[in-house]
Amino acid sequence: MTETELLLWVRGPALQVATVIFLVGVAVRFIEILMLGRQKDLAEARGSALAGGLRTIVTRSVPDRGTIQRSTFNVVAGYVFHVGFFVVLLFFAPHILLFHEVLGLNWPALPTPVIDATTVVTIIALLAVLVHRVLHPVMRFLSRFQDYLAWLVTILPLVTGYLAFHRVGVAPPPTLIAIHILSVELLMVVFPFTKLMHAVTLFMARYYNGAIAGYKGVKS
Amino acid sequence: MSKDETLGEALRQQGISRRGFLKFCAATASMMALPPSMVPAIAAALEKARRPSVIWLSFQECTGCTESLTRSHSPTVEGLIFDVISLDYHHTLQAASGTAAEAARETAIEENYGKYLLIVDGSIPTANPGYSTIAGVSNVDMLKEVAKGAAAIVAVGSCAAFGGIPHAHPNPTGAVSVSDLVKDKPIINVPGCPPIPVVISGVLLHYLTFGAIPELDSLSRPKAYYGQSIHDRCYRRPFYDKGLFAEGFDDEGAKKGWCLYKLGCKGPTTYNACATTKWNAGTSFPIESGHPCLGCSEPDFWDGGGFYKALSMPTEDISRTAVYAIGAGAAAGVALGALNRAKKAKATKAHEKVTINDLEKGN
Chain A
0 MTETELLLWV RGPALQVATV IFLVGVAVRF IEILMLGRQK DLAEARGSAL AGGLRTIVTR
60 SVPDRGTIQR STFNVVAGYV FHVGFFVVLL FFAPHILLFH EVLGLNWPAL PTPVIDATTV
120 VTIIALLAVL VHRVLHPVMR FLSRFQDYLA WLVTILPLVT GYLAFHRVGV APPPTLIAIH
180 ILSVELLMVV FPFTKLMHAV TLFMARYYNG AIAGYKGVKS
Chain B
0 MSKDETLGEA LRQQGISRRG FLKFCAATAS MMALPPSMVP AIAAALEKAR RPSVIWLSFQ
60 ECTGCTESLT RSHSPTVEGL IFDVISLDYH HTLQAASGTA AEAARETAIE ENYGKYLLIV
120 DGSIPTANPG YSTIAGVSNV DMLKEVAKGA AAIVAVGSCA AFGGIPHAHP NPTGAVSVSD
180 LVKDKPIINV PGCPPIPVVI SGVLLHYLTF GAIPELDSLS RPKAYYGQSI HDRCYRRPFY
240 DKGLFAEGFD DEGAKKGWCL YKLGCKGPTT YNACATTKWN AGTSFPIESG HPCLGCSEPD
300 FWDGGGFYKA LSMPTEDISR TAVYAIGAGA AAGVALGALN RAKKAKATKA HEKVTINDLE
360 KGN
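From first to last, the protein sequence lines are chains A and B. Numbering that gives the first Met the number 0 applies: residue 0 is where the first sequence begins, and numbers increase by one. Numbering that gives the first Met the number 0 applies: residue 0 is where the second sequence begins, and numbers increase by one.
One chain only, chain B, in its complex shape (with noise of 0.2 Å):
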């Protein structure tokens, strides 16, 4: 496949038809909460494309956004944009390995400097350089070089995005994330434990079409996938609203699908299409399948107080304090009140009858 072949061309070499092309655009325009008008354009500009240049870097990571972006999907045409961007660097997806590896990466970046797309996932350590390396360039700089020639930076998944699980507390690597480090370009952040493959496609969709970042909330997510609350979206939410919730996994509210909100569920706070797009071409979501929502696009999800804590719940005792500080006030309220009662006592006690001559005295 040739680097300046258009997007079209390879699409259609790969056997996508016309209409399947469109079909994708439309429902790419109305995920991206796009106009129907804009498909044409959509179309148009794709077609068009040229095959961006596109490096992935790989940090603290487990793979599992990788994975999601590479398995679930396969082989839709979600998953054919992939083989049409010119994957430059992946470490996991390549067949080089070795020097020839950076090699590549280094070609792509003198090639196409201040064009290519990267990728980001996994967060960053900077307690020390030598935690993480690859090719014996430790993150920080490789980031910092790779950086420094990128016309957009997609921080893929929530360790890339806002530190992840290396992140959680007590962050024993000093594991950051790209937008900690980078400051100077632009940055969307895909975050999701991992992202749902459609949502990191539409993005570089966009991307192509436009040849400009989409529309970012104060995370600086994509606001078309991240721009309401798995609670707002979710099946579940009139049970919610009718105050049925489960109250365990097994009991009758769980059986009959009620709310997960007392079992933990992060949904009304956590902002992902989750509920809209789902998991495995559609099938379902965490929350479809029993289990309260994580929170995993949120940054610190890992330390927000308890995956089966409900969000109004205290993340401490209260009760014992509350027992002692019952205690406590009783005690000093009988001291104050024995205080106050002795005071009396000697103010009775010190009282002295004015007479009439006292009164005259005055005068």
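Just chain A, same shape as in the assembly (with noise of 0.2 Å):
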């Protein structure tokens, strides 16, 4: 296989199976979880348990004081790392392009340099979360595989994304390229099965604990 035959390959037929395994499999893990249902509410609710739910789903992202204190230093680099992936992922003139054809969807691009540095910035945060994970006792003792895997799935497309921005010279350019692709796929492929998952399942949790707190008992 030549290089230009394995980015058409990654482009193409790999991109088809990851985006069908991610895909089915988030839907699945979504509608199961949905299906396990509630207990019936036969009280009426003081508050709204609708309004407490939405709300929590925006509240939670701000962490409170508390939380903040007690660990900052996983605070700081959990946001760090999250935003940052994030802005690579819907920021890069390239991904846009990719986003654009699939949904149809457009937005303006942000500048490469930010791009570039937003990255870095990114790998740094997850290899400190990593040596957090590793040095802390607890953090160490409560860490299985599957958290490892997360973590690389997770790691891999900005490490080998940069690689093949700045055609480091570890490989042909087409085979920077393929290989970023195929560690996106790769983490397509891991997410719905992984903790990854939280991506999805994390505004039903809060709108759960949002609704459980907005009920305010029974209305008298």
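Hints are not guaranteed to be accurate.
In silico BS3-like links for lysine-lysine, alpha-carbon gap of 30 Å or less [claimed, not checked]:
no., chain 1, residue 1, chain 2, residue 2
1, B, K241, B, K277
2, A, K194, B, K342
3, B, K114, B, K22
4, A, K39, B, K348
5, A, K194, B, K343
6, B, K254, B, K241
7, B, K182, B, K143
8, A, K39, B, K352
9, B, K222, B, K184
10, B, K222, B, K254
11, B, K184, B, K47
12, B, K345, A, K39
13, B, K222, B, K277
14, B, K308, B, K222
15, A, K218, A, K39
16, B, K114, B, K222
17, A, K39, B, K343
18, B, K308, B, K254
19, B, K277, B, K254
20, B, K342, A, K39
With the C-beta cut set under 7 Å, the calculated list includes, among others, these residues of chain B facing chain A [unchecked claim]:
no., residue
21, L86
22, K241
23, K261
24, T268
25, T275
26, G304
27, P313
28, E315
29, I317
30, T320
31, G328
32, L338
33, L358
No lab work stands behind these hints, which were simulated from the structure alone. Owing to the predicted nature of the structure, the values given are computational and were not obtained by experimental measurement. For each residue, glycine too, the CB sits at the ideal point set by N, CA and C.
Put the two chains together into one complex, using the hints given.
Written out as structure tokens, the structure is:
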């Protein structure tokens, strides 16, 4: 297989397979969770479960002061790599081109030096998070293979993307791009079956928490 | 022109001044990324170089490579360098034809065995030797015969270097590159469709100056010319970095000369000297005239997923796959959810309350 054939395979059949696994996996897990259902609510709520639920989806994105003080590192590094990852994913011109092709949506890109710097910062944050996980006795104890796998498939697209953008001479450029796309396909395939699924389920979880809090007891 | 004449003598005969010759040597040195201190060495070497015998074989090609080399620069020093190599066989350019032409080739091989340069343009068909023959000799046989006595081989053009357009899917003639057939000779690939004239004259010059082939990259291309990508040297690169792209061939961005990435430009993965040496005696290059780079100096450029499709785009219809996948996933999710519910209901139904008696029985 030549480098061009590899790139074509990665952009064609491999992407199809990865897309199918990703979407089928996410849809199955999402609907399975939804179909677990909730206990029927027989009492009239004093507050609004719906409003509370929706509000919490948003407000939980802001860490409370106690959490910041207790685990400053987790909050900072966690936010940096999450925000960085999405900035790079959503605002790099070639990526937008892909979304435009698949979804039909278009939005302006960020200048590439900004994306470049963000990628480096995100990679550093992810490395720091890994070091923290390994060095912290409790974190290490709680970590399973899946946690390291999730970390690996998250950092790989960033590293390979950086190599492909700068065309670092470890492989010819088409191969670098092919490896980058492959790493994203790996992320897509692993996503539904690991904790990475939190990117979808966090909204459900937050809603339920918020809904319980928004209930505020029984209307009298 | 005698064959024993040196290059310097030949150039003077053509009316090239010493000054013009040195300017050419300096330009060549800078192009080949050699230090200025090498200029006198190049000049001295070229002065004394004997005109090398060159045999040019054309196989499955369109003569575009020959056109590129002979027409666009005439009459520059590069063109004259061509005049002063002893081009003993080139069936487009030579006056002789038929038996006389083939005799010239055989004589050149005999007289310069082990010393002549072989230049090849065009790919070689392997599916059937009859697909392309010259004087009744198949391309494969002729290449192998001539390659045997060559000091080095220059594969000019993407067809000779990588198979090119004849090699494109579905490759009916079983076209292959020179390096697919010849394994025991130094091969310099000078790809491009066609290659830049100055690149091939530069490669020949390097060979004349140093008596050795230039430093090559992983695809056997001279690093001096193929060391940087079009994208790296593109004058439109600042627009890429700023995120300013032409979305069509006649929109505002195109008129302002913004980056052509979204129109399918292959500059980021194409290694060639177009953006620096340019074409037509330095006039411009494709991107400068508003068209994205096709990536013609890279292997399989014809099958690279579409000239007007950006490199980051999928080659197949992902949207439809996505809709079907979500549909199938949702259906499977509902089915699994229903199964889970049934299981739960069954478990609830089968649940028996534990009484104090049951616990006592266990003791």
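Are the Cα positions of K254/B and K241/B separated by 30 Å at most? Status holds; Cα separation ~17 Å.
Between the alpha carbons of K182/B and K143/B, is the straight-line distance 30 Å or under? holds (10 Å)
Would the hint on T320/B stand, with a C-beta cut-off of 7 Å toward chain A? This interface hint holds because 5 Å falls under the 7 Å limit.
Quick one, are K222/B and K184/B close enough, alpha carbons at most 30 Å? holds (19 Å)
Cut-off 7 Å, beta-carbon criterion: hint that G304/B touches chain A: Hint holds; G304/B Cβ to chain A Cβ min 5 Å, cut 7 Å.
Return the status of the interface hint for K261/B: holds when the least beta-carbon distance to chain A is below 7 Å, violated otherwise. holds (6 Å)
Should the interface hint for T268/B be scored as holding, given a Cβ-Cβ cut-off of 7 Å against chain A? holds (4 Å)
Holds or violated: the hint that I317/B contacts chain A, with Cβ atoms closer than 7 Å. With a closest approach of 5 Å, the I317/B hint holds.
K39/A paired with K343/B [C-alpha distance capped at 30 Å]: holds (16 Å)
Does T275/B hold up as a contact with chain A if the rule is Cβ-Cβ below 7 Å? violated (17 Å)
Holds or violated: K194/A and K343/B, Cα atoms, limit 30 Å. holds (25 Å)
Closer than 7 Å between Cβ atoms is the bar; does L86/B clear it against chain A? Give me holds or violated. With Cβ-Cβ at 33 Å, over 7 Å, it is violated.
Violation of the numbered hints given earlier is confined to hints 10, 21, 25, 32, 33; the remaining hints are satisfied by the structure.
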